[in-house]
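Here the protein sequences line up with chains A and B, keeping their order.
Going by this note's numbering, the residue at position 42 of the first sequence is 42; the numbering climbs one at a time, nothing skipped.
Going by this note's numbering, the residue at position 37 of the second sequence is 37; the numbering climbs one at a time, nothing skipped.
No lab work stands behind these hints, which were simulated from the structure alone.
Even for Gly, the Cβ is constructed at its ideal location relative to N, Cα and C.
Heads up, some of the hints might be wrong.
Said to hold, decoys possible - Cut-off 20 Å, straight-line C-alpha distance, at most; resulting in silico cross-link-like pairs (DMTMM-like, lysine to aspartate or glutamate):
| no. | chain 1 | residue 1 | chain 2 | residue 2 |
| --- | --- | --- | --- | --- |
| 1 | A | Lys44 | B | Glu93 |
| 2 | A | Lys9 | B | Glu45 |
| 3 | A | Lys40 | B | Glu104 |
| 4 | A | Lys44 | B | Asp82 |
| 5 | A | Lys40 | B | Glu17 |
| 6 | A | Lys36 | B | Glu81 |
| 7 | A | Lys40 | B | Glu45 |
| 8 | A | Lys44 | B | Glu45 |
| 9 | A | Lys41 | A | Asp85 |
| 10 | A | Lys44 | A | Asp85 |
| 11 | A | Lys41 | B | Asp39 |
| 12 | B | Lys42 | A | Glu24 |
| 13 | A | Lys41 | B | Glu9 |
| 14 | A | Lys67 | A | Glu24 |
| 15 | B | Lys42 | B | Glu17 |
| 16 | B | Lys68 | B | Glu1 |
| 17 | A | Lys44 | B | Glu55 |
| 18 | A | Lys9 | B | Glu17 |
| 19 | A | Lys9 | A | Glu58 |
| 20 | B | Lys42 | A | Asp38 |
| 21 | A | Lys9 | A | Glu24 |
| 22 | A | Lys41 | B | Asp2 |
| 23 | A | Lys44 | B | Glu1 |
| 24 | B | Lys108 | B | Glu1 |
| 25 | A | Lys36 | B | Asp39 |
| 26 | A | Lys44 | B | Glu9 |
| 27 | A | Lys36 | B | Glu93 |
| 28 | A | Lys36 | B | Glu45 |
| 29 | A | Lys36 | B | Glu17 |
| 30 | A | Lys67 | A | Asp18 |
| 31 | A | Lys40 | B | Glu93 |
| 32 | A | Lys41 | B | Glu17 |
| 33 | A | Lys41 | B | Glu45 |
| 34 | A | Lys52 | B | Glu104 |
| 35 | B | Lys69 | B | Glu45 |
| 36 | A | Lys44 | B | Asp39 |
| 37 | A | Lys41 | B | Glu104 |
What the hints assert, rightly or not - According to the in silico footprint, chain A covers these stretches of chain B (three or more CB under 8 Å from chain A):
| no. | region |
| --- | --- |
| 38 | 8 to 19 |
| 39 | 43 to 50 |
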Amino acid sequence: DTAVSQTPKYLVTQMGNDKSIKCEQNLGHDTMYWYKQDSKKFLKIMFSYNNKELIINETVPNRFSPKSPDKAHLNLHINSLELGDSAVYFCASSAGLAVPFFGPGTRLTVL
Amino acid sequence: EDQVTQSPEALRLQEGESSSLNCSYTVSGLRGLFWYRQDPGKGPEFLFTLYSAGEEKEKERLKATLTKKESFLHITAPKPEDSATYLCAVQAEGGKLIFGQGTELSVKP
Chain A
1 DTAVSQTPKY LVTQMGNDKS IKCEQNLGHD TMYWYKQDSK KFLKIMFSYN
51 NKELIINETV PNRFSPKSPD KAHLNLHINS LELGDSAVYF CASSAGLAVP
101 FFGPGTRLTV L
Chain B
1 EDQVTQSPEA LRLQEGESSS LNCSYTVSGL RGLFWYRQDP GKGPEFLFTL
51 YSAGEEKEKE RLKATLTKKE SFLHITAPKP EDSATYLCAV QAEGGKLIFG
101 QGTELSVKP
């Protein structure tokens, strides 16, 4: 199936831990994104990469670090997790500025 | 500041009862307006893109329209399977999408 995939789907961890979320797309897109959806279902962009280069970096704590090893992958590493980081994180991809397609999401719960 | 506001926050309809969802926006240079559907526990699913005032797009029971200040998603004779959260977003500089808070639609048989 051609799609945007994320792993894991659920992530439960303790405060202070470091965790990573992986994203892969096989749509041949050159642009990838990370969005955060809070408890009120409000989606907000965090980062955007185009051809492995960071092009959008919203006001996000330095504890969040995206890494793009190639055009098809964009991973999100989070250091020193806090309670407020609990949310659903969505990866998305697009062909340039065309419509972004979203992955299934990763529900992060910080205890 | 770029902003998107959707109304109502929640909408309950009987099957077959047509209605409209509203998306008001302010953006410096609209590059595109997107409608997505999101089911519980899933990612947003793309529905429509509108680029200029006066443009309309249709898909089954859904029709999206665009003016200079707002967009409407018209739902004609909805069915229970149309129940979902509908998200509106405008595309700003760099390609980032600015989302509204969504309208949660519930269609009862």
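Right, here's what the structure says about each hint:
1. A:Lys44 - B:Glu93: holds (14 Å)
2. A:Lys9 - B:Glu45: Roughly 17 Å between the alpha carbons, so the hint for A:Lys9 and B:Glu45 holds.
3. A:Lys40 - B:Glu104: With a Cα-Cα distance of about 11 Å, the restraint between A:Lys40 and B:Glu104 holds, given a limit of 20 Å.
4. A:Lys44 - B:Asp82: Judged against 20 Å, a Cα distance of about 24 Å means the pair is violated.
5. A:Lys40 - B:Glu17: The given pair, whose Cα atoms are some 27 Å apart, is violated under the 20 Å limit.
6. A:Lys36 - B:Glu81: violated (26 Å)
7. A:Lys40 - B:Glu45: holds (18 Å)
8. A:Lys44 - B:Glu45: Holds, at roughly 16 Å.
9. A:Lys41 - A:Asp85: Within the cut-off at roughly 14 Å; holds.
10. A:Lys44 - A:Asp85: holds (13 Å)
11. A:Lys41 - B:Asp39: holds (11 Å)
12. B:Lys42 - A:Glu24: holds (16 Å)
13. A:Lys41 - B:Glu9: Roughly 11 Å between the alpha carbons, so the hint for A:Lys41 and B:Glu9 holds.
14. A:Lys67 - A:Glu24: holds (12 Å)
15. B:Lys42 - B:Glu17: This hinted pair is violated, its Cα atoms lying about 26 Å apart.
16. B:Lys68 - B:Glu1: Roughly 16 Å separates the two Cα atoms, so the pair holds.
17. A:Lys44 - B:Glu55: Violated: A:Lys44 and B:Glu55 sit about 26 Å apart, past 20 Å.
18. A:Lys9 - B:Glu17: Violated, because 36 Å separates the two Cα atoms, which is more than 20 Å.
19. A:Lys9 - A:Glu58: violated (24 Å)
20. B:Lys42 - A:Asp38: Holds: B:Lys42 and A:Asp38 sit about 14 Å apart, inside 20 Å.
21. A:Lys9 - A:Glu24: holds (13 Å)
22. A:Lys41 - B:Asp2: holds (19 Å)
23. A:Lys44 - B:Glu1: Holds, because 15 Å separates the two Cα atoms, which is no more than 20 Å.
24. B:Lys108 - B:Glu1: violated (38 Å)
25. A:Lys36 - B:Asp39: holds (16 Å)
26. A:Lys44 - B:Glu9: The given pair, whose Cα atoms are some 18 Å apart, holds under the 20 Å limit.
27. A:Lys36 - B:Glu93: Holds: A:Lys36 and B:Glu93 sit about 19 Å apart, inside 20 Å.
28. A:Lys36 - B:Glu45: holds (16 Å)
29. A:Lys36 - B:Glu17: It is violated: about 33 Å lies between the C-alpha atoms, which goes past 20 Å.
30. A:Lys67 - A:Asp18: Roughly 15 Å between the alpha carbons, so the hint for A:Lys67 and A:Asp18 holds.
31. A:Lys40 - B:Glu93: violated (25 Å)
32. A:Lys41 - B:Glu17: With Cα atoms ~26 Å apart, A:Lys41 and B:Glu17 exceed 20 Å; violated.
33. A:Lys41 - B:Glu45: holds (14 Å)
34. A:Lys52 - B:Glu104: Violated: A:Lys52 and B:Glu104 sit about 35 Å apart, past 20 Å.
35. B:Lys69 - B:Glu45: violated (24 Å)
36. A:Lys44 - B:Asp39: Judged against 20 Å, a Cα distance of about 18 Å means the pair holds.
37. A:Lys41 - B:Glu104: Measuring from Cα to Cα gives roughly 10 Å; hence the hint holds.
38. 8 to 19: violated (count 0)
39. 43 to 50: holds (count 5)
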